[in-house]
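Quick note, the sequences are listed as chains A and B, same order. Per the numbering used here: the first sequence = residues 1 to 101. Per the numbering used here: the second sequence = residues 1 to 295.
I should point out that these hints are in silico values taken from the structure, not numbers from a laboratory. Since the model is a prediction, treat every value here as computed from it, not as a measurement. Backbone N, C-alpha and C fix where the C-beta goes; we use that ideal spot for every residue, glycine too. Hints are not guaranteed to be accurate.
Over 10 Å on every C-beta distance to chain B, these chain A residues come out as not near it, computed from the model [as the list claims (entries may be wrong)]:
#1 5
#2 14
#3 35
#4 45
#5 61
#6 69
#7 80
#8 95
Chain B side only, calculated, beta carbon under 10 Å to chain A, not exhaustive [claimed, not checked]:
#9 172
#10 232
#11 234
#12 241
#13 247
#14 251
#15 252
#16 254
#17 255
#18 256
#19 259
#20 260
#21 262
Chain A stretches covered by chain B per the calculated footprint, using a threshold of three residues with CB under 8 Å from any CB of chain B [stated by the list, open to error]:
#22 19-25
#23 28-34
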Amino acid sequence: MLIVIAPGRALRWAPRWPCSPDAVLFDASSGDYWVLSSEGRRVLEWLQAELAVERDLLLSRLSLLTEAAEAMLASLGAAGLLVAMVDGVVTAVPSGVAADD
Amino acid sequence: MLPIDTVLHIAPYTVRLRSPLVGLQHHLDTFYANAPRGSTQDFIDFDVQVLPASGLRRWWHPQARFVLDGEEPFFPLPAEQAGPLFEWGMNWCVAQRPLGQLVMHAAVVALGDDALMAPGFPGAGKSTLCSALVHLAGWRLLSDELAILDPAVGALLPHPRPISLKNASIPVVQAFAGVRLGPVYRDTRKGDITHAACPAGSLCMADRPAKVRWVVFPRFETGAAPHCEALSRAEAFVLISEQSFNNERMGEVGFDALCALLTGAECFEMVYGSTDDALALVRQITGSDGKGAAP
Chain A
1 MLIVIAPGRA
11 LRWAPRWPCS
21 PDAVLFDASS
31 GDYWVLSSEG
41 RRVLEWLQAE
51 LAVERDLLLS
61 RLSLLTEAAE
71 AMLASLGAAG
81 LLVAMVDGVV
91 TAVPSGVAAD
101 D
Chain B
1 MLPIDTVLHI
11 APYTVRLRSP
21 LVGLQHHLDT
31 FYANAPRGST
41 QDFIDFDVQV
51 LPASGLRRWW
61 HPQARFVLDG
71 EEPFFPLPAE
81 QAGPLFEWGM
91 NWCVAQRPLG
101 QLVMHAAVVA
111 LGDDALMAPG
121 FPGAGKSTLC
131 SALVHLAGWR
141 LLSDELAILD
151 PAVGALLPHP
161 RPISLKNASI
171 PVVQAFAGVR
181 LGPVYRDTRK
191 GDITHAACPA
201 GSLCMADRPA
211 KVRWVVFPRF
221 ETGAAPHCEA
231 LSRAEAFVLI
241 SEQSFNNERM
251 GEVGFDALCA
261 LLTGAECFEM
271 VYGSTDDALA
281 LVRQITGSDG
291 KGAAP
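Chain A extracted, bound-state conformation:
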């Protein structure tokens, strides 16, 4: 299972402000914005750079316990930022531990 940024997004970051651990992310396509934790930012930046990353690899890169990392990916999916791809088909980012890769 690959994780990718949701199609149609044109994402822009606010500057890295001092004393602001959270990051503001803006979608120029919709006008929506999100405030992400530093871990959330890392995920989005990896996907902006690499376009698609295997879900397990993504989870392993995060400095979070597996359950917390999965919950974070799921929340980014629920926020409309990420989707999963299985055999070329776009699907929701799974929220459970047992993902069928």
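On the provided structure of chain A, position chain B as indicated by the hints.
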């Protein structure tokens, strides 16, 4: 009395105003007597008419209608509220019309070219705080209601109009030295309201933008101990976005402009229970008493 047909330059906009209503003439005489006038040959940003209602309403409980470019965005109000209707209508024009500027719900005052922007929900005490800073502490008024950010210059544009005061704030501001209030309108949709004239010094500087140095989210609470806390810029971004009228229309340009504004500003929230406390907190935040500020 002749009907009104005038072109007012209310920085940064040019407004053509037409009306036969005497109440509106009094409002203009009280608050816009010194506003620069233009001609109908000028580029008109807002073509406004404040007209009497037709039919029976012309004589029985007469009403005033706000008409912008031939359209009526509001329900009519009693004719004696023509002045407030004009002010509310102007707020609507600035907030809703796409003019290439990011418009946020916030009071703005400045010392020289350094602006303090005070976004806030209705009832947070923006206008009272703004009046106190302008009349008691030497700040200049850019607006008590609308922060207009010009992305091209990265600064807020002055839009000096009368300060709108409601209910309990009226006697508070009335006690300030040098303040000039208009009539009190009773039992409007927002309760009792009146307006305080924009100081002449602020009108003189209406063409001078100011860069935001401080973003302060004020909250008046009766009896509250004064308290001030720094906010992260990300938190401030969210709060300001909630108070923005046209950020969706402004898209990427508005996002970049707001980010640049926040990058150059320190952000705080403050709670206070009196005007003196509010002024002391602002002095603490800005490190200035405002007196003798460079023009």
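Q: Hint by hint, work out which the structure violates, then give me just those numbers in ascending order.
A: 2, 3 and 9
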